[in-house]
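Colleague: Residue numbering for the sequence shown follows our numbering, starting at 4 and increasing by one per position.
Hints are supplied without guarantee of correctness; some may be wrong.
As the list claims (entries may be wrong) - The calculated lysine-lysine pairs, modelled on DSS-like cross-linking and capped at a C-alpha distance of 25 angstroms, are: (1) K434 <-> K423; (2) K142 <-> K124; (3) K174 <-> K124.
As the list claims (entries may be wrong) - Distance ranges between label pairs, derived from CB positions: (4) D248 <-> G77: 42 to 50 angstroms; (5) H323 <-> Q115: 46 to 54 angstroms; (6) A119 <-> P316: 36 to 44 angstroms; (7) E232 <-> A315: 39 to 47 angstroms; (8) L464 <-> N127: 22 to 30 angstroms; (9) E43 <-> E280: 30 to 38 angstroms; (10) Y467 <-> M44: 27 to 35 angstroms; (11) T330 <-> Q466: 41 to 49 angstroms; (12) L283 <-> S219: 26 to 34 angstroms.
Note that these hints are calculated values from the structure, not bench results.
Beta carbons: idealized from backbone N, C-alpha and C, even for Gly.
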Amino acid sequence: MNAFKIILPLLVFFSCNDTKTSVDLLVLNAKVYTVNEHFEMAQAFAIKDGKILEVGTSEELQEKYRSDQVLDLGGKTILPGLIDAHTHLYGYGLGLQNVDLVGTTSKLEVLQKLAAFENGKHSNFISGRGWDQNDWPIKEFPTKKELDSLFPETPVALRRIDGHALWVNSKALEMAGITAATKMEGGEVVLQDGSPSGILIDTPMRLVFDVMPAPSREISIKALKDADEACTKLGLTTVNEAGLDREIIELIDSLQQSGDLKLRVYAMVSNSEENLEYYLNKGILKNNRLNVRSVKVYGDGALGSRGAALRAPYSDMPHHYGAMITTQSQLDSLAQRIVTAGYQMNTHAIGDSANISVLRAYSKALKGKVDARWKIEHAQVVSLDDFDVFSKNIIPSVQPTHATSDMYWAEDRLGSARIKGAYAYKTLLNKAGIIALGTDFPIEHINPMYTFYAAVARKDLKQYPEGGYRMEEALSREETLKGMTIWAAYSNFEENEKGSLEVGKFADFVVLDQDPMECPEASIPNIKVLETYINGEKVY
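Based on the sequences and whatever the hints tell you, model everything.
Modeller: Shown next, in the form of structure tokens:
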């Protein structure tokens with residue numbers, strides 16, 4: 004009798020255990036923001052074969068599932084894997100191999116960094132990125148003379164922080180064949196005393212790029228792997244790459260297939276004729292890690308280098324309007340070609356003239372198309388009369404840290420009237436119904452928590468200005484999280500597989516040391532990523 008009493012509980016125990024489903028990972032006791040349709044909270048979820056099997060309470064899931072791997076988080080915060088809707092992943096990785104000039108506060112500091120980087124290297128071409136004359140005591144473009152003094156025989160090419168101006172020395176100008184007579188539509192060779200000053204705006208930059216040595220395959224692989232590591236450390240699980248050639252897209256695919264790259268990548272195809280011919284004829288290319296279904300087009304340049312195309316002259320440079328890199332007729336033609344192939348068109352538009360030109364091209368091409376999800380990348384300065392066009396299923400893809408970086412000088416460029424339509428994220432959201440958020444790294448810092456803070460607080464990392472910058476355009480915390488997850492996924496046609504923690508979706512998630520939805524606002528930039536998972540695999 005006593006033996007029966009002992010055996011019966013054991014039989015019941017093993018019988019109950021046998022009814023539990025085996026899963027690869029069981030996540031328990033967390034504060035889970037599912038970001039589902041009702042923005043519901045959960046405590047736990049079970050993962051099988053890289054996807055979410057069930058979401059619920061810890062008690063419910065422990066009763067139904069067993070696993071050799073249990074992640075008990077003791078109340079820590081989980082968000083869906085973060086999506087950066089506009090990056091230059093490959094460019095960021097290459098930048099890690101070159102001179103980093105981000106944050107330099109004077110020409111002298113730039114020159115000192117160049118000298119230190121080049122010391123003993125004997126490079127055949129020196130390149131770097133990140134300078135911004137707006138952060139210097141004298142807010143004027145530099146010239147070739149400063150670079151010539153250090154490197155008279157070695158070509159030097161340094162991209163401005165926004166990537167739309169290039170500071171070069173005389174040797175680089177000579178190699179590229181650039182003279183005072185060089186003219187290119189959609190850009191400018193800045194002159195000083197009748198000769199090229201050493202500053203190239205937008206399209207003439209290509210002449211220098213054409214003579215620069217191409218990165219080797221080994222350097223390209225290292226660049227992508229370094230960028231991948233930097234992203235996953237900060238909770239990014241998907242990035243939208245804003246413009247790549249076929250060679251790099253295929254390299255990304257190869258590295259993903261081999262397991263060397265963990266990130267999922269939505270790759271926008273650069274609009275060279277070679278790329279268009281190949282991809283538009285090939286059709287959408289998609290697997291679980293790579294999504295190629297869009298073309299990146301440049302409408303105009305950038306505001307900081309005065310290349311953004313404005314309807315009226317720059318307030319701080321009379322008679323100067325900036326320039327369209329792609330003309331209206333070219334935009335119209337490209338849009339028709341892209342829509343015919345079933346691809347998305349994602350167009351860089353900074354100035355109000357560029358934005359309306361792109362919107363017009365979209366309107367013509369998309370007649371009768373209900374769900375094309377074409378995007379305006381940046382939508383930075385929009386005329387007040389043009390916001391309504393975003394209600395016609397056009398998605399704004401914006402970068403909140405642009406607002407907090409540019410706020411010191413943007414009104415000088417635009418004046419008090421035009422600034423009302425600049426960095427207008429709440430207005431864009433109200434018109435479009437969704438908004439996709441990103442960083443534009445390496446132009447801005449890669450950390451997505453800086454994006455979150457800039458969107459909500461409208462302040463920079465110095466917590467300036469005290470009350471926030473034009474707070475009528477701030478987003479709520481919920482809107483911001485959606486813009487970095489489900490809305491970004493929707494903009495990529497990926498909302499059924501990522502962007503929220505729901506049954507059947509990829510198990511992409513991030514564990515944080517603080518809750519960005521409830522912590523003090525000033526603490527948001529300091530939030531740390533504890534762990535990042537892609538496909539249920541811990542990648543950081």
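Colleague: Could you tell me which of the hints above the structure violates, numbers in ascending order?
Modeller: 2, 5, 8 and 9
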